[in-house]
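So the chains spell out like this:
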Amino acid sequence: MNKQIKEKTRNIYLDNSATTRVEPEVKKEMDFYYEEVYGNPGSFHSLGLKAKKSLKDARNRIANILSAKPKEIIFTGGGTESINLAIKGLAEVQPKEKNHIITTTIEHHAVLDTCEYLEKKGFKVTYLNVDKQGILDPEDLKKAIKKETFLVSIMYANNEVGTIQDIKKISSICKEKNVKFHTDACQASLYLDINVNNLGIDMMSLNASKTRGPKGVGLLYVRSSSILKLEPLIHGGGQERGLRSGTENLQGIMGFAKALELAEKNKEKESKRLTILRNRLIKGIKENTPKTFLNGHPAKRLPNNVNISFLDIEGESILLYLDAKGIYASSGSACTSKTLDPSHVILALGVPYEIAHGSIRFTLGKETTEQDIDYVVKVLPPIVKHLREISPFKLDEKEIRKKMELVI
Amino acid sequence: MSEKELRIIKSSGDGESKNREAQWFYTDIVKSHFFSPKNIIKSDDEMKSFKADGIGLVGSPACGDGMKMFIKIDGKTDTVKDVKWQTYGCGTAIASTSIFSEMIKKDGGMKIDDALNIKPRDIANELGGIPARKFHCSVLADKAFREAVNDYFRKTGQKNRIVEGSAKVIDQVLKITDHDIEHAVLEGATTFEAVQKKTKVGIHDKDCISQVEELIRFYKKKYFGED
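Residue numbers (my numbering), protein chains in the order written: chain E, 7 to 414; chain G, 146 to 372.
Possibly wrong hints are sitting among the right ones.
Computed list of lysine to any residue pairs in SDA-like fashion (alpha-carbon distance at most 25 Å, straight line) [to be verified]:
#, chain 1, residue 1, chain 2, residue 2
1, E, Lys-148, E, Ser-231
2, E, Lys-400, G, Asp-296
3, G, Lys-229, E, Ile-396
4, G, Lys-187, E, Pro-387
5, E, Lys-400, G, Asp-323
6, E, Lys-56, E, Asn-255
It is worth saying that the hints were derived from the structure and are not from the lab. Nothing here was measured: the structure is a model prediction, and the numbers come from that model.
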């Protein structure tokens, strides 16, 4: 078996929540701006003017997709920067009595670490728990809002377990309580509605590299009627209405606009197609491998996310075998994390550590075919069987399920 | 991976992110032991017929690593005749147990006392190097072996030879032991601040701070050969 496992025969990329492949059309668009329109949008000559017009065009097209006003779009250097600008930028302009932020325990580190930083600066942060399927109860949010609260930041769709929150409901609560609401929508742009009026949010972070666009570009949407002022993170030439100085990444922005347009065009069809493949993968793994647990919500999850835990074995060793088989996935195991703690998201669901250590995330994408899924379903069971054979632990599935029942 | 890439990884950034990048870049020896582990024992039947003289288990599924070792001892010569093992853990954990079992079986088996002297660093060297933060995995191989040998000593009435890993409480408030500090250092926390971040040591019990600093220096020297 080992010999077979070592033969790398394929290239199956199932890590699309880490990053996506750039669409050829996007690359072509970007090449044009690298080769032909390379001027600085701030320059006073024809080539600069061309660049400026193109930038305006990209902003208009993206605003159109989001149902936003062009001036409400701030281009940044990526999702993390957008999130930092939203949270720190709003925190810095608050009067003294407004010092409270609400978020959840399953946010990306871009949100969690930014909040932690603000706590050091004297702000108070409430981290709301989610249920064992990763869903936030909007009632919990309602109860947590105080008169000191100025911001709620809750992610649209989770990057690890794919759970989708009820953003419309959350935004209506925030509106009712007169608190600003930011959502990290980096994982949502390919599959979910990102119309800012449908969602009712005040700020939204997006990232090109998760949208089959280039790395190093993101945007922050800021509703002009509700947020009058943000403090910039980066000072300088005053680009992006003074909120993000530095020469605009025109090539990246043009690619981002193209990528979002393509995403919008394919969203419905692609979501349907991937939901079928996702369910096929979940079913295939569960049917062929005993002692597995699906992390996250069975239905309220991204069409491309499968996150499964295997008892008695550890995630990194599964990844190594999958890699040798030409399958690229990721794991929430301690060994693949920076801190040597298993994924904070999976632990936040309240599942036992045993489950968190053995979790594998497959995130499907445009390239994923039914054959790919069937291949994974075929090669995974012998890998799991082999690792279980050499594992000293034989946990009782019923015991673990009982433990999980106790989780509220 | 090329030498150049290795150099880039070695020279870039702070310890943790460097290690994070390096974690996938296992040496060929690690890979070969991971994909074709030596001396594993699989079924209950195999365990029965092996008739181990001593069995040792360390770790748990909850902590992310676990290792069980089965040894056969030649009482006359005090050597390790055979070793079998099972491991739950990452690539390094599996590879390091595999190579450790080969090390002690070499040339007809090591003397027990010599085998007990194998340090995590020796295992890592034998593997051609492992990422620093993965040290805690290979530490398990020698600990599981020590447990198995202790089991053998117990069964054969050699109680005076039992080597206990004594845990001493350092932080009296949070009951943090020298083992916890050792673990943190092995995971790459080599300053007091980093160890405190991992273990919360010294936050409530301020009196232990100098002792913790001393332990960090001791373990750094022990595992990484630096002051």
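Verification of the supplied hints:
Among the hinted pairs, Lys-148(E) with Ser-231(E) is consistent with the structure: their alpha-carbon atoms are about 23 Å apart, no more than 25 Å. Taking the CA atoms of Lys-400(E) and Asp-296(G), the gap is about 22 Å. The hint holds against a cut of 25 Å. Of the supplied pair hints, the one linking Lys-229(G) and Ile-396(E) holds, its CA atoms being roughly 10 Å apart against a limit of 25 Å. At roughly 17 Å between alpha-carbon atoms, Lys-187(G) and Pro-387(E) fall within 25 Å of each other, so this suggested pair holds.
Distance check on the hinted pair: Lys-400(E) and Asp-323(G) sit about 30 Å apart at the alpha-carbon level, beyond 25 Å; violated. Under the criterion of a C-alpha separation no larger than 25 Å, the hint pairing Lys-56(E) with Asn-255(E) is consistent with the structure, at around 14 Å.
Going down the numbered hints, you'll see the structure goes against just number 5.
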